[in-house]
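Model the placement of chain B on the given structure of chain A, informed by the hints.
Next come the chains, spelled out residue by residue.
Number of protein chains: 2
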Amino acid sequence: MVSPTITYQFSTASVNYFLPEQLENLTALAAGKRLVLLTDENLFAAHAARLSAFDCIVVPAGEPYKNEQTVAQIIQQLIVREADRQTVLVGLGGGVITDMAGYVAGVYMRGIGCGLVPSSILAMVDAAIGGKNGVDVGLYKNMVGLIRQPLFLCYDLSLLSTLPQSEWVNGFAEIIKHACIKDAAMFAELQQRDLAFYQQNPAALQSLIERNMRLKNEVVVADEFEQGDRKLLNFGHTLGHAIENEYQLPHGHAISIGMVAAAKISENLLGFAATKAVEQVLAQYGLPTHFNYDKTKMMQLLKMDKKRSGNTIHYVLLNQIGQASYQSIHIDQLEKLL
Amino acid sequence: MVSPTITYQFSTASVNYFLPEQLENLTALAAGKRLVLLTDENLFAAHAARLSAFDCIVVPAGEPYKNEQTVAQIIQQLIVREADRQTVLVGLGGGVITDMAGYVAGVYMRGIGCGLVPSSILAMVDAAIGGKNGVDVGLYKNMVGLIRQPLFLCYDLSLLSTLPQSEWVNGFAEIIKHACIKDAAMFAELQQRDLAFYQQNPAALQSLIERNMRLKNEVVVADEFEQGDRKLLNFGHTLGHAIENEYQLPHGHAISIGMVAAAKISENLLGFAATKAVEQVLAQYGLPTHFNYDKTKMMQLLKMDKKRSGNTIHYVLLNQIGQASYQSIHIDQLEKLL
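Chains as they are written, first to last, in the numbering used here: chain A, 95 to 432; chain B, 95 to 432.
Don't read these hints as lab results, they were simulated from the structure.
Being a predicted model, the structure only gives us computed values, none of them experimental.
Treat the hints with care, as some may be off.
Identical copies look the same in the list; a pair holds intra-copy or inter-copy alike.
Quick list of in silico lysine-lysine cross-link-like pairs, DSS-like style, CA-CA up to 27 Å [stated by the list, open to error]:
# : residue 1 : residue 2
1 : Lys389    : Lys127
2 : Lys325    : Lys127
3 : Lys127    : Lys397
4 : Lys160    : Lys325
5 : Lys358    : Lys325
6 : Lys358    : Lys430
7 : Lys397    : Lys325
8 : Lys127    : Lys358
9 : Lys160    : Lys358
Extracted from the complex, chain A is given alone in its bound form (with noise of 0.2 Å):
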């Protein structure tokens, strides 16, 4: 019996936090329970000898596969493999595959219990956090899948040791996405700091990774559903999932976008006075401020956002940093906004 780290009570589930933990231990967090896994062949190929204990599915890396097609097929390797309702499901990689784990898990014979071993910054930190889980459907993020709890998060910190650099810039927008939302000090911080120090000190970087999951739990377990405070954590992603899809933008990339069009709008419509210093921060991390995007096609895209609520899109904006607010946006004023 492994005690987690932290666990989150939901209206119909709680969730354990190992952190830090090694992901050898994974059959005792499952309390014993038959494991499959399922990774991506980049992390299988980099993890052969780790992972050789466990039974794999494996698919293409990438968020190109992250849609129907290949959950029919991790579908059929769970039928291949006789997995039944006491089988437990983990998936082990970045937010592809914890979204897709976290679907299948869903779905799956109504429901079989998932696991999650998230194997990237952003993944650590916000993507296998709070149960929004689904794949994508053409150009449409996410646009199929659920709100469902996993049983537990394992957390190896020794899996960034193969993470690419631009993977580490990519998590980082969302630790500043965090920041800039919900925790000045964590501001500051990143502010004094840059990603080699955090790179170079585990220590430091393992409680800025708990600092960040428990600020998104905190978020989420207290808005599971999406009715209030979690929409907050969309600040950067209306535009930036929009930029994503139509250029294959790297996620942190295109939300850093997305931040700095926030920052802009709050600008003008709350008289948000901070734009220069969430430009710099970011920049620091090495992301992306400006990008020339095609604006018609861009709002096309954004009235397809499941944000969008008849003629107006909701958008995240700040009020100062660590304080953002929710805003209801006509299509025609965000148009011209932009």
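Leaving out everything else, chain B in the frame of chain A:
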């Protein structure tokens, strides 16, 4: 504002039942929200004039189309219509349609509202009730799905005017199932009457449908996630599903055969003494009671049943008419009993 006949309260949702009602009132039942209807080609043709007022997604009819490909097509149709989270997807049809409508509404944009208009006896008394939905994967029935409650069900009994005789027979298999496991008085009523009687007496039919709707809801409300009593509703379904898929039998025929098999196992293991009465009432409503199936193939399929747990299968048996119980039977023993 239309008042529901009865409202059932689930853990995270309440479900309104309107019985009797007319499909023309659907928009009012959905509190004025935007509706998209899902139906099949047969029903769309049979009720073209009545459906012309609605925005309909029409899919091919029949169980062979209850799969992930049809789900993907429905999702594409919702995207084309720019359906958002304020849209309600209403499934009008038999169990195939109500299952797919419930599933698509559960995953599209991580969940939109769902309404159901069951158009067959089977859907009215069973399939559309209780929130279980899903699609088949190859030979495996409902291998992918959710337990999620719809917002409302609308019972328009005039839809039964175009129901083929074979589908009446199918539906009565579930009614007899309900009587066997929970309602000895209804079993006695069914013994005294026949299909022609109910087809010629709308009031008796409506009363029978409502009785079954209430019976199933009472079981389901008490055990939403199938931890206990709800499992009894699987009486006849374990073997039934396997036969249905392998031999393409109608659902009612397959579970009729499954109920007779379960009654005989009950005789063997629990001293159940009314197998003959069960066979007689099934035959009285046009249902088959015997079928020469391939035992080896059946056992292979039973091993993939969702109710399997390791080497045992959970089987619903009868103690007496109106009283069922749930037993674990080892796969080897089951093979001998069949």
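Taking the hints in turn, this is what the structure says about them:
1. Lys389 to Lys127: neither (51 Å within a copy, 31 Å between copies)
2. Lys325 to Lys127: between (35 Å within a copy, 23 Å between copies)
3. Lys127 to Lys397: For Lys127 and Lys397, only the inter-copy Cα distance (19 Å) is at most 27 Å; the intra-copy one is 44 Å.
4. Lys160 to Lys325: within (23 Å within a copy, 35 Å between copies)
5. Lys358 to Lys325: within (19 Å within a copy, 56 Å between copies)
6. Lys358 to Lys430: Within. Shortest intra-copy distance 12 Å satisfies the 27 Å Cα cut-off; inter-copy 74 Å does not.
7. Lys397 to Lys325: within (18 Å within a copy, 44 Å between copies)
8. Lys127 to Lys358: Neither: 50 Å inside a chain and 35 Å across chains, both beyond 27 Å.
9. Lys160 to Lys358: neither (32 Å within a copy, 48 Å between copies)
Hint violations for this structure: numbers 1, 8, 9, all remaining hints satisfied.
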